[in-house]
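Peer 1: All chains should be built: construct the whole structure from the sequences, respecting the hints.
Counting in the UniProt record's numbering, the sequence shown runs from 1 upward without gaps.
No wet-lab data here; the hints were simulated from the structure. Some hints here could point you the wrong way.
[As the list claims (entries may be wrong)] Here are the simulated DSS-like cross-link-like pairs (lysine-lysine), alpha carbons at most 25 Å apart as the crow flies:
| # | residue 1 | residue 2 |
| --- | --- | --- |
| 1 | Lys353 | Lys484 |
| 2 | Lys409 | Lys301 |
| 3 | Lys328 | Lys353 |
| 4 | Lys353 | Lys409 |
| 5 | Lys301 | Lys353 |
| 6 | Lys301 | Lys484 |
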Amino acid sequence: MTLVGERLPTVAQRPARGAPDMVTPATRLTATDYARTLTLVDTVAVLGALLAGLATLSHGVLPYSASWLTSLTALVTLGAGWLIALTLTRSRHRALLGRGPTEYQRVFDASWTTVATAAIADYVLDLSLTKSTLGVMAGVGVSALLLGRFAARQWLHRQRAVGRVRIATLVVGREAQIRSLANRFRRANGRSPEVVGACVPADEAGGGLDQTVPVLGDLSRVAEVAQETGVELVVVASSDVVTAEEFRRWGWELERSGVGLAVASELADPPSRRTLLTLHDGVPLIHVDAPRFNGLRHVVKAAFDWGAAALIVIAIAPVMLTIALLVKVTSPGNVFYTQERVGKDGRPFRMLKFRSMVDGADRCLDEVLGDAGVRIYFKCRNDPRVTPLGRFLRRHSLDELPQLLNVLKGEMSLVGPRPQVEREVAQYDRYALRRLLVRPGCTGLWQVSGRSDVPAREALVMDVRYAENWSLVGDLLILARTVKVILTGEGAY
Numbered sequence: 001m002t003l004v005g006e007r008l009p010t011v012a013q014r015p016a017r018g019a020p021d022m023v024t025p026a027t028r029l030t031a032t033d034y035a036r037t038l039t040l041v042d043t044v045a046v047l048g049a050l051l052a053g054l055a056t057l058s059h060g061v062l063p064y065s066a067s068w069l070t071s072l073t074a075l076v077t078l079g080a081g082w083l084i085a086l087t088l089t090r091s092r093h094r095a096l097l098g099r100g101p102t103e104y105q106r107v108f109d110a111s112w113t114t115v116a117t118a119a120i121a122d123y124v125l126d127l128s129l130t131k132s133t134l135g136v137m138a139g140v141g142v143s144a145l146l147l148g149r150f151a152a153r154q155w156l157h158r159q160r161a162v163g164r165v166r167i168a169t170l171v172v173g174r175e176a177q178i179r180s181l182a183n184r185f186r187r188a189n190g191r192s193p194e195v196v197g198a199c200v201p202a203d204e205a206g207g208g209l210d211q212t213v214p215v216l217g218d219l220s221r222v223a224e225v226a227q228e229t230g231v232e233l234v235v236v237a238s239s240d241v242v243t244a245e246e247f248r249r250w251g252w253e254l255e256r257s258g259v260g261l262a263v264a265s266e267l268a269d270p271p272s273r274r275t276l277l278t279l280h281d282g283v284p285l286i287h288v289d290a291p292r293f294n295g296l297r298h299v300v301k302a303a304f305d306w307g308a309a310a311l312i313v314i315a316i317a318p319v320m321l322t323i324a325l326l327v328k329v330t331s332p333g334n335v336f337y338t339q340e341r342v343g344k345d346g347r348p349f350r351m352l353k354f355r356s357m358v359d360g361a362d363r364c365l366d367e368v369l370g371d372a373g374v375r376i377y378f379k380c381r382n383d384p385r386v387t388p389l390g391r392f393l394r395r396h397s398l399d400e401l402p403q404l405l406n407v408l409k410g411e412m413s414l415v416g417p418r419p420q421v422e423r424e425v426a427q428y429d430r431y432a433l434r435r436l437l438v439r440p441g442c443t444g445l446w447q448v449s450g451r452s453d454v455p456a457r458e459a460l461v462m463d464v465r466y467a468e469n470w471s472l473v474g475d476l477l478i479l480a481r482t483v484k485v486i487l488t489g490e491g492a493y
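Peer 2: Structure, rendered in structure tokens:
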């Protein structure tokens with residue numbers, strides 16, 4: 001990550017073809033700097049957990065007694081072990097920082113492993129750590145760690161939004177693959193590495209690459225160019241032009257510079273928990289497990305959905321009653337709008353919403369569909385059937401609050417693919433049908449990534465990716481982002 005404003009060193013041996021002015025500020029914020037900040041955040045969180053545990057330890061135990069000192073020593077050791085576990089699980093790895101649920105998952109894994117180890121040690125060695133002490137430490141520590149990481153990530157996103165933070169990246173490979181990868185990174189609006197240069201095979205060195213991606217050298221000078229330009233990451237986009245010997249050599253030459261080395265794969269994009277890297281006679285193989293749609297994880301998800309939905313309904317009952325009253329008095333018709341949607345495994349169910357359109361709006365649907373020329377993921381901007389109150393409810397997703405009742409009935413999940421009507425499902429191909437392998441959700445990945453402004457195909461890809469790769473930590477992140485989307489009304493109509 002590099003703050004914009006400081007000029008990157010030029011490549012002295014060869015001027016860049018089509019190179020734009022590549023500038024960064026005099027002060028740089030690197031991934032290493034950010035990881036150090038997270039280390040400080042983690043230390044403060046663990047210290048808070050230790051103080052909370054010490055407070056519970058003081059009850060019923062004489063300060064400075066032998067048992068008190070034994071427990072204090074155990075707590076300090078636990079805190080040190082906690083920080084070590086966060087390091088060993090690579091929760092601050094540069095590839096995880098600021099994106100995706102894996103960072104939070106590793107923080108959680110390190111935390112429960114540490115606390116479980118402490119509980120076993122207390123049972124075996126009689127360290128005088130009570131269940132309440134360990135429980136308070138675990139609760140305070142995990143909460144503080146996750147909140148600290150979340151706050152740090154929000155700060156990082158704000159810096160990216162104003163263009164002050166980037167991961168300057170050198171891409172290696174054929175020009176066609178480099179152009180494709182650079183375009184994909186560019187569409188991520190600052191959330192992905194920023195390609196500042198490329199190294200191509202010698203036979204393509206005289207070609208014309210996109211002017212926004214300057215060619216800075218050939219494959220013989222990758223490490224040299226990376227160090228001269230001050231990039232933080234080298235990405236190999238075309239493995240067919242790179243030998244294993246070259247790749248190892250680049251790693252050796254870059255290992256002391258702090259520059260990361262990665263390989264881009266277009267074959268699959270599963271998360272790390274579904275992949276396993278093995279070596280067969282020196283040949284690295286990435287094994288990709290098939291996604292599973294049943295088992296303990298899905299039972300835990302269903303239990304979480306039901307419990308969370310019940311608590312939310314109780315908490316917002318006054319809000320739902322107020323909305324119901326406003327819908328009733330501002331336009332004729334029923335308070336609720338029910339529509340048959342297609343759920344998991346193609347089973348139909350009646351989805352509930354607060355009515356946001358005029359009564360009998362479905363009778364005008366064919367006309368609106370014809371005017372809009374839409375297919376899957378239909379939602380018309382400036383739909384004439386929407387009432388003034390309905391427009392406000394839709395903007396802030398308040399019309400969808402009754403879907404919590406569908407969650408309580410087991411028909412929907414809090415997070416999942418968007419439930420669609422039969423006429424839309426009838427257009428599904430084999431790929432799109434994979435959306436039906438999990439329960440549909442009140443919110444989902446594409447709803448927090450632009451909502452109705454997301455192109456239909458991209459929304460479909462997000463839904464299928466979620467269905468195959470969901471995690472409970474990822475669900476919590478999506479729910480947190482949903483709150484922000486509801487408050488801002490971004491992408492809603």
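Peer 1: Which earlier hints turn out false for this structure, listed by number in ascending order?
Peer 2: none
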